[in-house]
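Could you slot chains B, C and D onto chain A? The hints should help.
Protein chains: 4
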Amino acid sequence: MSQSAPDNVPAEVYRYSYHMGFGDCDPAGIAYTGALVNAALRAIDRFLGDVTAGRGWYAMSVSLGAGMPFAHLDVDFVSPVRGDADLDFTVEVTRLGQTSIGFRATGWQRSEACFSLNSVNVFISRGEGKQPLPDWLRAALAPYLA
Amino acid sequence: MSQSAPDNVPAEVYRYSYHMGFGDCDPAGIAYTGALVNAALRAIDRFLGDVTAGRGWYAMSVSLGAGMPFAHLDVDFVSPVRGDADLDFTVEVTRLGQTSIGFRATGWQRSEACFSLNSVNVFISRGEGKQPLPDWLRAALAPYLA
Amino acid sequence: MSQSAPDNVPAEVYRYSYHMGFGDCDPAGIAYTGALVNAALRAIDRFLGDVTAGRGWYAMSVSLGAGMPFAHLDVDFVSPVRGDADLDFTVEVTRLGQTSIGFRATGWQRSEACFSLNSVNVFISRGEGKQPLPDWLRAALAPYLA
Amino acid sequence: MSQSAPDNVPAEVYRYSYHMGFGDCDPAGIAYTGALVNAALRAIDRFLGDVTAGRGWYAMSVSLGAGMPFAHLDVDFVSPVRGDADLDFTVEVTRLGQTSIGFRATGWQRSEACFSLNSVNVFISRGEGKQPLPDWLRAALAPYLA
Numbered sequence: 001m002s003q004s005a006p007d008n009v010p011a012e013v014y015r016y017s018y019h020m021g022f023g024d025c026d027p028a029g030i031a032y033t034g035a036l037v038n039a040a041l042r043a044i045d046r047f048l049g050d051v052t053a054g055r056g057w058y059a060m061s062v063s064l065g066a067g068m069p070f071a072h073l074d075v076d077f078v079s080p081v082r083g084d085a086d087l088d089f090t091v092e093v094t095r096l097g098q099t100s101i102g103f104r105a106t107g108w109q110r111s112e113a114c115f116s117l118n119s120v121n122v123f124i125s126r127g128e129g130k131q132p133l134p135d136w137l138r139a140a141l142a143p144y145l146a
Numbered sequence: 001m002s003q004s005a006p007d008n009v010p011a012e013v014y015r016y017s018y019h020m021g022f023g024d025c026d027p028a029g030i031a032y033t034g035a036l037v038n039a040a041l042r043a044i045d046r047f048l049g050d051v052t053a054g055r056g057w058y059a060m061s062v063s064l065g066a067g068m069p070f071a072h073l074d075v076d077f078v079s080p081v082r083g084d085a086d087l088d089f090t091v092e093v094t095r096l097g098q099t100s101i102g103f104r105a106t107g108w109q110r111s112e113a114c115f116s117l118n119s120v121n122v123f124i125s126r127g128e129g130k131q132p133l134p135d136w137l138r139a140a141l142a143p144y145l146a
Numbered sequence: 001m002s003q004s005a006p007d008n009v010p011a012e013v014y015r016y017s018y019h020m021g022f023g024d025c026d027p028a029g030i031a032y033t034g035a036l037v038n039a040a041l042r043a044i045d046r047f048l049g050d051v052t053a054g055r056g057w058y059a060m061s062v063s064l065g066a067g068m069p070f071a072h073l074d075v076d077f078v079s080p081v082r083g084d085a086d087l088d089f090t091v092e093v094t095r096l097g098q099t100s101i102g103f104r105a106t107g108w109q110r111s112e113a114c115f116s117l118n119s120v121n122v123f124i125s126r127g128e129g130k131q132p133l134p135d136w137l138r139a140a141l142a143p144y145l146a
Numbered sequence: 001m002s003q004s005a006p007d008n009v010p011a012e013v014y015r016y017s018y019h020m021g022f023g024d025c026d027p028a029g030i031a032y033t034g035a036l037v038n039a040a041l042r043a044i045d046r047f048l049g050d051v052t053a054g055r056g057w058y059a060m061s062v063s064l065g066a067g068m069p070f071a072h073l074d075v076d077f078v079s080p081v082r083g084d085a086d087l088d089f090t091v092e093v094t095r096l097g098q099t100s101i102g103f104r105a106t107g108w109q110r111s112e113a114c115f116s117l118n119s120v121n122v123f124i125s126r127g128e129g130k131q132p133l134p135d136w137l138r139a140a141l142a143p144y145l146a
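Protein chains in written order, with this note's numbering: chain A, 1 to 146; chain B, 1 to 146; chain C, 1 to 146; chain D, 1 to 146.
It should be emphasised that the hints constitute simulated quantities derived from the structure, not laboratory data. For glycine and all other residues, C-beta sits at the position ideal for the given N, C-alpha and C. Among these hints, one or two may not hold up.
Stated by the list, open to error - Computed spacing ranges between beta-carbons, pair by pair: (1) A:His72 to C:Arg15: 32 to 40 Å; (2) B:Arg95 to A:Ser63: 41 to 49 Å; (3) D:Gly54 to C:Ala142: 49 to 57 Å; (4) C:Arg138 to B:Ser17: 25 to 33 Å.
Claimed, not checked - Okay, the calculated bits of chain D under chain C, using three or more residues with CB under 8 Å as the criterion: (5) 34–43; (6) 62–74.
For reference, chain A alone in the conformation it holds in the complex (with noise of 0.2 Å):
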């Protein structure tokens, strides 16, 4: 991560700095909403990714035969993002269910909060739908409940 992040948030909280580019700007000169919305869903990618060693969404489709589909998301804006500065995001669980998961990813810029992104995700197996969360992807994740 280039910058410092918020000090404002818990320890366990995990941080992913994207990278802003102009490509994701819009001709207003800030950036475009789906452009953040995808950027919000790399963090969250990232993040889980990162906790469970290798074994997140991309792992989970084509290795594992598994799936975390997302069920709900919603997302508030607070303040516009800037073209000019990088997107830090914090991550954390806000739910860990029998079989879904709540996450909220955060973009900030100069310790400011410009969006929170939240979702719910159900665990899958491929061709038997919903299963509880197997133990490894809960360990992972319980630290950075919220």
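Coordinates of chains B, C and D only, in the frame set by chain A:
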């Protein structure tokens, strides 16, 4: 699980057909969540441009000194979106407030509603923040108010 | 600068209309280069799916154990692509080799050719590398050979 | 940069690590061609912003009344890009002309060059077309000239 089919929605609902592409799909063989959100934003973008005779997001930003930033969006995902069929959107206006607008874009495949995105957008004039919706915009959107 | 208009191209040229969106445009108010490349790939994707009765990139990958990876692409940009008009593509086949295919997707606005993407794609069978083009693919593409 | 960069490239080469994501990958389980082109553009964007102390594409467009539109790009793809490893770019300047610049962004995984994008960009002043490269830009890029 299936909701009412597109043929059963009122005549004043706007329809937009998104061309699903290989690049929209992820290693699980279905449309990536971020691609779906972007497709729904594109449907709203198109709707707005069409019903206002070209005074949509692009013209607002580039020619009219205005904008409609997102204050909120939420998405409920009901069933996976396949990569081998188009994604047919219906777009409705869910709210016409003093300075804000609610949109709903629902993505359909084979007469089944796969997901629905709801947004709250605020009308702004550049450098002056929130503004009452101009008459031309209110008049253009009113017929699509659900 | 303007090349021959779309009405002057042969009848066997495939046409695809890409819906330009606000999110495709950058702070300069024109379409971002990366969005243009993606739009041209989408035009080729659509062309391939349409002329093969659905055996395009998605079906090749998911159902047929095949693929058409890019070996090369090049793009010449002639004039900026505006954000307030659709981008009309013509797609042609420039080469039908033993194991490879050349495509050209040209993006037009207001009867002017804005840019042209040329590609070389190789036909592969999964796990076996390059393969001769199957007859059904060669037959589907032949009418579009420039 | 999170990972060691390939060590057979010259010291003056700029390095950028792109965080490969699940959404960059297609149903074949490898990075989608369009995502790779976008990643390479992002590497050039980052390079330019870094070596000019922030006067990259975004600042040029939003603050400096300038721009660097693409006149040409070409890409040679050598080997597929995996979804479970970062994509490490090296960026070089291949040409410093009177009004144009050549860039090369090469994407590496595990010390192997997977693909290489070459571009020709023209420096423009808004409303006045092509301009000689300003001294600050030429000086910033010269050390990276291959």
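Quick rundown of the hints versus the structure:
1. Taken as a hint, the range 32 to 40 Å holds for the pair histidine 72 (chain A) and arginine 15 (chain C), whose Cβ atoms sit roughly 39 Å apart.
2. The hinted window of 41 to 49 Å between arginine 95 (chain B) and serine 63 (chain A) holds, with their beta carbons roughly 45 Å apart.
3. Checked against the given bound of 49 to 57 Å, the beta carbons of glycine 54 (chain D) and alanine 142 (chain C), roughly 52 Å apart, stay inside it.
4. Judged by the Cβ atoms, the range 25 to 33 Å given for arginine 138 (chain C) and serine 17 (chain B) holds: they are separated by roughly 30 Å.
5. Counting residues of the region 34–43 of chain D whose CB lies closer than 8 Å to any CB of chain C gives 4, so the stated coverage by that chain holds, three being the minimum.
6. With 8 residues having a beta carbon nearer than 8 Å to a beta carbon of chain C, the region 62–74 of chain D meets the requirement of three or more and the stated coverage holds.
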